[in-house]
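**Student:** Each chain, letter by letter, is given below.
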Amino acid sequence: MSVEVLSIAMFLLLVIFFFMGHPLAFVLGGVATIFGFFVIGPQIFNMFMVRTYGTMDNFVLVAITLFILMGNFLTVSGVADGLFESLRYLLGPVRGGLGLAVIAVCIVFAACTGIIGASVVTMGLLAGPMLLRYGYQKEITMGMIAAGGSLGILIPPSIMLVIMGDQASLSVGKLLLAAVAPGVLLGVLYMVYIAIRCFVDPKIGPPVPPEELAKVPVSKRITGSLIYALPPMILIFLVLGSIFFGVATPTEASGVGAFAAFVMLVAYGKFTWKTFANCIYSTAKATTMVVMILVGATCFTGVFLTMGGGQALIDGIMGMGLGKWGIYTLMMIILIILGMFIDWVGIVMIVFPVFLPIAKTLGFDPIWFITIMAVNLQMSFLSPPFGYALFYLAGMKMEGVQLSHIYRGVVPFLALQVIGMLLCTLYPQIILYLPSAMMK
Amino acid sequence: MSSGKIENLLKIIDSISDWTGKVFSYIVVPLTVLIVFEVITRRFFDAPTIWTFEMSNFLFGAHFMLCAAYGLLYKSHVSIDLFTSHTNKKVQEILGIVSYAFMFFPFMIVFLIWGIDFTVTAWKMGETSWSVWGPSLVPIKAVIPVTAALVLLQGIAEVIKKILYLRKGVAL
Amino acid sequence: APIKWKLVSTWTPAINLIEGDKHFAKLVNEMSNGELQITVHTAGELVPAMQVFDSVSAGTFEMGGDWPNYWAGKNSAFDLLGSYPMGPGQYDYVNWYYHGGGKDIYNWLYGKYNMLYFIHCVTPMESGIRSVVPIKTLADYKGKKLRMSGKAQGHILRKLGASQVMLAGGEIYQALQLKALDGAEFCSASIDWGMGFAEVTKFNAGPGWHQPASALGVMINKKAWEKLPANLKAVVARAADANVAYMSSWYENTNIKALADFEKAGTTVYKLSDKELETLEGYSWEYLLDEAKRNPDFNKVALSLFQYLKDFRKTRQSESPFSHGRDWSKVPALPGLK
Ligand code: NA
Ligand code: NA
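Chains as they are written, first to last, in our numbering: chain A, 10 to 449; chain B, 122 to 293; chain C, 4 to 341.
Keep in mind that the hints were calculated from the coordinates and are not lab data. Just so it is clear, the structure is predicted and the values come from calculations on it, not from any experiment. Be a bit skeptical, because a hint or two may be false.
Lysine-lysine pairs mimicking BS3-like chemistry, simulated, CA-CA at most 30 Å apart [as the list claims (entries may be wrong)]:
no.: 1; chain 1: C; residue 1: K106; chain 2: B; residue 2: K245
no.: 2; chain 1: B; residue 1: K245; chain 2: C; residue 2: K333
no.: 3; chain 1: B; residue 1: K283; chain 2: A; residue 2: K406
Can you build the whole structure from these sequences, using the hints too?
**Tutor:** This is how it looks when you write it as structure tokens:
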């Protein structure tokens, strides 16, 4: 059988068993086991061990655990509720106001963490139940958390940009600067969309009812928001500040964040051994959910790449004769298709050796081109059937939320990501301004 | 085996996953303390330690791996429920058994066998990490086969639950 | 049908040490007329950098590109095969390997793990620590958090009151930028330049005492090797020889431009005094003796290497100052000389 057929068979099997209801981590691993055994031979299984060990021995991923712990502490301490509550009153009369606040918090949080699992799960924990409680439509709620949470890996710090810079022999510093504006641009696009949707149809994101607002005078809203918003602001300052001022790496900052959140739990008088234990248990469940998928995915990607699947896929599509922008479009489409199935690490490993020389021949600025790819890969977290942001949200099992709500909810955000990508293509200065202004 | 015995077995397996999971969940506490400790000693006392960096990786790896069976028990691992009505529940359980047979067990058995091999190889050569601290890597590598064993055990329990449902029509 | 091998490397594309692996694979592919086709896979693509050894040893992949010191955790004797602080220089390694018994030592040690070995290039002295804060003297090492490879180096850093951090190459830039590290050594100037260190560090603490030269090469799984026909075995061996000559010189030459680039970028260079280097040498012998007592394998490698260097000493001295280190600043003004 040819590599092309085998690759397609691999993805088909993946889709079939996943939709039969088996846990994704084990479907990824199971398909890798079957194809590894029959196509390559049992000697490949040592690779499962070394790749799994590589996942376990990764200081960057440690932040997933600790941000999830932070999210759990913040949730039970009521601090997060306080923050969103006060923001809700501040933006009270605005339709979709709370949604706008959530995206804003997502952007700030994205500046603290560099991995997708951490930001989506944490934002899901903090903002999800809150949005649903105040009558936000399930679809838009899921969409905004998945899309907003995924910004964590685009806006620096970002493990993705670090690896991309490494793979491309480019200064990571320039790439990190280049990704700031596109990241914020996407966030703003999400906000504009939420504002418009909720303005047209307030049922999607209701404003605070006038009766409820009337009970709380404006002055009290402001002082109230100061009181409630202050502790989480301090927390954000601690986490962000420790990164910005070079006190801590993002991983260390996640530890500081978790510890500070614990202090808040005690300070707010919500500490009991039982709540504490529950936080610990939920953290374990959420962490193993997120990282075991990475383990399955790393085995899957390893087998796929060893088979030569990635190369075959690209060779087939690049064989067509196209012009500069035709090839560019095609490359972007390949990224989108790959993004539907495999994780970004695999995609970077597959396409970089092929795309970068092509981009160079076509005369694209490498910093611009790689940043565009990073923006494009934002879609991979949301695009069905395999979008990791979606799965993390599904894994959190929020009340009344089904996978279908999540799938439907992200569609408009995928469209917004395409728009963002188009803007960055038409106006390359969005990407290039910061790195050229700040570094020579 | 009588069905009473089977149910006892299920209870035992479930409680193994439950207890190991609860105990290993607490690994996150020393992990947090360690990292905060490192930030403080390094930044404020200029006395960085040589072992916190590696130790936090070990704790992270052990935490999410050893809690995997616990996650399986509480259905935390991401999966899709397409069939929710009662009549379809049977179909779902059959599909579930098929998936366990073709996906779960082959993967986890590979994890167990190669994990033991991976650990024994490290043990035979007395492998340590590469730093001055140089701790043995055997315990952290042993986490892989131990995880596989725990997850396999819970997987067996999940399959038995599905079979029992098909036979008796009651969810356990 | 051609035989297809995969070479899994410990280097990512950004680290130009990968060029050694790539050029070697290219030579094999050309010299074998395509009968043996080696594809190079950078770190992380198939296996993470630090897992290359295990997967070649287990036979998952036929060949791995490495720097032997990475495997010191498996056997501390590897710590001598890639480099040693205050130890052998570029051509010391080449000489020892080809005619001083080194080749057998590499094959013996890797052989313990089911592999054989060919060195395929030796890079020149590394550029020392690139730091965020100035490190002018040995006293300045105290309290610093430094990225540096190797156990012997770790021992020396501990003696100096600094703390050793092990970070993969790709993680160093951000760690320096965030000032999570005070400084980092990575490799020689051209490689450091390519990784963008000039953007995040201002100072360079030299000379590269921690790694006066680095031997790099390929490990090959024994079973895969045995299956190879004799003519292809010869191709692999000769390709490695050719690569040693070509790439060792290539790396040295890329440093010419890189040193100038760092100077232009405003990097301030400090060099330790001879007396300070003597202190470091003392620490490095301390570790050598201790480890030789602990690990007989280490002793065996150390004996072969340092006996050779001691025997070679007179010849080396008689060549001085005509070997490396000769100052060419007094070349007369030939017409056209810059
Ligand atoms: Na980020
Ligand atoms: Na996707």
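**Student:** Can the restraint linking K245/B and K333/C be considered satisfied, given a maximum Cα separation of 30 Å?
**Tutor:** 58 Å, violated
**Student:** Straight-line Cα separation of K106/C and K245/B no greater than 30 Å?
**Tutor:** Holds: K106/C and K245/B sit about 25 Å apart, inside 30 Å.
**Student:** Holds or violated: are the alpha carbons of K283/B and K406/A at most 30 Å from each other?
**Tutor:** 22 Å, holds
Comparing the model with each earlier hint shows a violation of hint 2 alone; every other hint is respected.
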